[in-house]
Amino acid sequence: MDGGVRLGTDVLKALALGARAVFVGRPVIWGLAYKGEQGVTKVLQMLREELKVAMALAGCASLKDITPSLVMRHAASHL
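Everything in the sequence shown is counted per the UniProt record's numbering, starting at 1 for the first residue and increasing by one.
The set of hints was computed from the structure by calculation and includes no laboratory data.
We treat Cβ as the ideally placed atom computed from N, Cα and C, and that holds for glycine.
Some hints could be false.
What the hints assert, rightly or not - Heads up, simulated DSSO-like pairs for lysine-lysine below, C-alpha to C-alpha not over 30 Å straight-line:
#1 Lys52 to Lys13
#2 Lys52 to Lys35
#3 Lys52 to Lys64
#4 Lys64 to Lys13
#5 Lys13 to Lys42
#6 Lys13 to Lys35
#7 Lys42 to Lys52
#8 Lys35 to Lys64
Said to hold, decoys possible - The calculated label-pair distances, taken between Cβ atoms and stated as ranges, are:
#9 Lys52 to His74: 35 to 45 Å
#10 Arg6 to Leu57: 15 to 25 Å
#11 Met72 to Ala33: 29 to 39 Å
#12 Leu44 to Leu17: 30 to 40 Å
#13 Ala21 to Met46: 12 to 22 Å
#14 Ser69 to Ala21: 12 to 22 Å
#15 Val28 to His74: 13 to 23 Å
#16 Thr67 to Gly4: 31 to 41 Å
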């Protein structure tokens, strides 16, 4: 990934593709610029909630349930 992790769904995708961790830079900076430490805390809470919802929709009860099987692959003929 190019570092463009901005949403909880981005975190889910990265983990499904094999990442063991993600760096969330830009949203944290936005939160910091908006309301300092409180803004950063809010951004991280939002990301966590978005990830929880995405996991629930994908049928994942825990981070261990996020596997490459969630990734849909299409044959080149469908592109």
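Cross-check of the supplied hints:
Of the pairs offered as hints, the one joining lysine 52 and lysine 13 holds, with about 13 Å between alpha carbons and a cut-off of 30 Å not exceeded. This hinted pair checks out: lysine 52 and lysine 35 have alpha carbons roughly 24 Å apart, not beyond 30 Å. For the hint pairing lysine 52 with lysine 64, the CA-to-CA distance comes to about 13 Å; that is within 30 Å, so the pair holds. Pair hint lysine 64 plus lysine 13 holds up; C-alpha atoms about 14 Å apart against a cutoff of 30 Å.
Among the hinted pairs, lysine 13 with lysine 42 is consistent with the structure: their alpha-carbon atoms are about 22 Å apart, no more than 30 Å. With a CA separation close to 28 Å, the supplied pair lysine 13 and lysine 35 stays within the 30 Å bound. Distance check on the hinted pair: lysine 42 and lysine 52 sit about 15 Å apart at the alpha-carbon level, within 30 Å; holds. For the given pair, lysine 35 sits about 34 Å from lysine 64 by alpha-carbon distance, which is inconsistent with the 30 Å threshold.
Take lysine 52 and histidine 74: their Cβ atoms lie about 28 Å apart, and the range 35 to 45 Å is violated. For the hinted restraint 15 to 25 Å between arginine 6 and leucine 57, the CB-CB distance of approximately 18 Å keeps it satisfied. For the pair methionine 72 and alanine 33, the beta carbons lie near 36 Å from each other, so the given range of 29 to 39 Å is met. Taking the beta carbon of each, leucine 44 and leucine 17 are about 22 Å apart, not inside 30 to 40 Å as hinted.
The supplied range of 12 to 22 Å is met by alanine 21 and methionine 46, whose beta-carbon atoms lie about 19 Å from each other. Taking the beta carbon of each, serine 69 and alanine 21 are about 20 Å apart, inside 12 to 22 Å as hinted. The given range of 13 to 23 Å is broken by valine 28 and histidine 74, whose C-beta atoms sit roughly 33 Å from each other. Taking 31 to 41 Å as the suggested C-beta distance range, the pair threonine 67 and glycine 4 does not conform, at roughly 22 Å.
Violated hints, listed in ascending order, are 8, 9, 12, 15 and 16; each of the other numbered hints is respected by the structure.
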